[in-house]
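Participant: Sequence:
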Amino acid sequence: MSSTSSAPPQIKRYRREEEEKSSGAEEDDDNYVPYVPVKERKKKQLMKLGRIVQLTAEDAKPKSSSENENDDDSQNATDPEIWGRKYNISLLDQHTELKKIAEAKKISDVEKQLKEEEKILESVQQQKALMGVAELAKGIQYEEPIKTSWKPPRYIMEMSEQKRNAIRKRLRILVEGVDAAPPIRSFKEMKFPKGILNGLAAKGIKKPTPIQVQGIPTVLSGRDLIGIAFTGSGKTMVFVLPIIMFALEQEYRLPFTRNEGPYGLIICPSRELAKQTNDIITHYSKHLQQTGMPEIRSCLAIGGIPVSEAIDVIAKGVHIMVATPGRLMDMLEKKIVTLDICRYLCMDEADRMIDMGFEEDVRTIFSFFKAQRQTLLFSATMPKKIQNFAISALVKPVTINVGRAGAASMNVTQEVEYVKQEAKVVYLLECLQKTAPPVLIFAEKKQDVDCIHEYLLLKGVEAVAIHGGKDQEERSRAVEAYRDSQKDVLVATDVASKGLDFPNVQHVINFDMPEDIENYVHRIGRTGRSNTKGLATTFVNKTTDPSVLLDLKHLLIEAKQNVPDFLLELCPESEQYLDLGDSHGCSYCGGLGHRITECPKLEAIQSKQASNIGRRDYLSNTAADY
1 MSSTSSAPPQ IKRYRREEEE KSSGAEEDDD NYVPYVPVKE RKKKQLMKLG RIVQLTAEDA
61 KPKSSSENEN DDDSQNATDP EIWGRKYNIS LLDQHTELKK IAEAKKISDV EKQLKEEEKI
121 LESVQQQKAL MGVAELAKGI QYEEPIKTSW KPPRYIMEMS EQKRNAIRKR LRILVEGVDA
181 APPIRSFKEM KFPKGILNGL AAKGIKKPTP IQVQGIPTVL SGRDLIGIAF TGSGKTMVFV
241 LPIIMFALEQ EYRLPFTRNE GPYGLIICPS RELAKQTNDI ITHYSKHLQQ TGMPEIRSCL
301 AIGGIPVSEA IDVIAKGVHI MVATPGRLMD MLEKKIVTLD ICRYLCMDEA DRMIDMGFEE
361 DVRTIFSFFK AQRQTLLFSA TMPKKIQNFA ISALVKPVTI NVGRAGAASM NVTQEVEYVK
421 QEAKVVYLLE CLQKTAPPVL IFAEKKQDVD CIHEYLLLKG VEAVAIHGGK DQEERSRAVE
481 AYRDSQKDVL VATDVASKGL DFPNVQHVIN FDMPEDIENY VHRIGRTGRS NTKGLATTFV
541 NKTTDPSVLL DLKHLLIEAK QNVPDFLLEL CPESEQYLDL GDSHGCSYCG GLGHRITECP
601 KLEAIQSKQA SNIGRRDYLS NTAADY
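Heads up: the sequence shown is residues 1 to 626, going by full-length UniProt numbering.
In short, the hints are calculated from the structure, not lab data.
Some hints here could point you the wrong way.
To be verified - No more than 35 Å apart at the CA atoms, straight line, and that leaves these computed lysine-lysine pairs for DSBU-like:
1) Lys446 / Lys191
2) Lys43 / Lys99
3) Lys191 / Lys203
4) Lys151 / Lys206
5) Lys470 / Lys335
6) Lys370 / Lys424
7) Lys316 / Lys470
8) Lys370 / Lys316
9) Lys470 / Lys542
With these hints in hand, go ahead and build the complete structure from the sequences.
Facilitator: In structure tokens, the structure reads:
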């Protein structure tokens, strides 16, 4: 009984499920939509969009009563099939409408991209201004630039603004800022004394370069300045000659007494650059003395040399100090030197200094100033983020730009060669045959520098090497031997790439491509200086970062250089947003091959900061416990 009573419900359940399945299948068959290819769907969508634009224009016109009656018909006309028959719109008109829609869509995408980039740039802006702690705490703000006694000749002062702009346009000088000084095209018209003119003649300098034409009068008139020009354009003279003149004026008014000074401070990112700058100041000071003028004393404060040398000069009263941030900080904290009367501050290669992690040191140095100072920032590569950061410390600054910030010198012929990693060292000898010496070879790693140096010596090449692992005396000897043409080849890391001026370097070889394009621009800028021609050869291979290669590709295109096929084939599909209006490439690092949204340098810095967040607190706590 139990088996017969339980069987019928099972059969009914089975039949019901079967019926439901069959009815569901019939419904699916009724709702079946045939597959339309993607191409056809896009075509229909675009045709609809084109018709919508026309309908919007027609709706804007006043309608008659007869037209209102036919509204239903006009709404149905959005169907692309009816549109083609009923309205008889030509293909040319359809193409024009669709082109307008595509352009409008592109503009909206560009605007969206720019807004996103602005947000990123704002988020990476430094929260603290480049000002001293005391000034920030007291809310001290300087409204007007420092006044100086210098004035240009009367006929130059009376020159019309139209004529000034014509000179700037001819020399490709871009000036931003209110009441900029007039451009002056000769050192004599800048009112330099005979000693300075003799010093210029001794170096074979006859007339100012574009950055000097506009920069020197700007600095002499007391204005804060951001100076941007390609490597080898003579930026050093823009801040060295005015500081010598200001120091000379102070000495004439009241001679410097023991332990007084400095009046001017120049900060450099590397020891070699600081030493070179100090040597230039000494050169012009000697020529001034030879014409019967007072001695202008300068001291060098860098790591690797005894502090006693700087103390000896400070004891007599020092006019100008050239220093690296680390040694200067140490001397200020130990009260070996003070900035009580310092009224002139220059940061050479300012962006590199901040990138190298000296930002906090620089801010601390600002805290030692006791009054307003004239501040100058110079570099060949200064992205927008550094310019915005710098403006916080400047009073009504004037920005002088000769060429694009981060652009390579047009005097340098750039060659990029694909060389396998294991073949690089051997290929160097062949590459050295391209030009006569002197030749400069750059490598990223210290061990690579040592290997290349040893290999060249074994092959009988007169070579010297410098990097951060060598002591300062050895580094100085190597640089001087190379500068005096006693050695043919200098092998170096990036310590030699920033601002160093070697006479007549014929050829720069990048043994490996640097990690960012700014270092590449600085490296190749060691040749092709002062209107001479130079050659730069760069080795790349599959180990090179593709993002840097993309920046290199666009830098070569900008400089109208020959671009190898393997670079031309690199990421052509990702280049649609590289040039948006006035904005070229990345506003963070200055690379032309990407935007800030894909900046590898910014990503690396943010990752580093994120990894250090918890660790710093943990380490500080453990240190406190023990």
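Participant: Could you run down the list of hints and mark each one as holding or not?
Facilitator: Hints, one by one, checked against the model:
1. Lys446 / Lys191: With a Cα-Cα distance of about 47 Å, the restraint between lysine 446 and lysine 191 is violated, given a limit of 35 Å.
2. Lys43 / Lys99: holds (14 Å)
3. Lys191 / Lys203: holds (19 Å)
4. Lys151 / Lys206: holds (22 Å)
5. Lys470 / Lys335: holds (29 Å)
6. Lys370 / Lys424: violated (54 Å)
7. Lys316 / Lys470: holds (32 Å)
8. Lys370 / Lys316: Holds, at roughly 22 Å.
9. Lys470 / Lys542: holds (31 Å)
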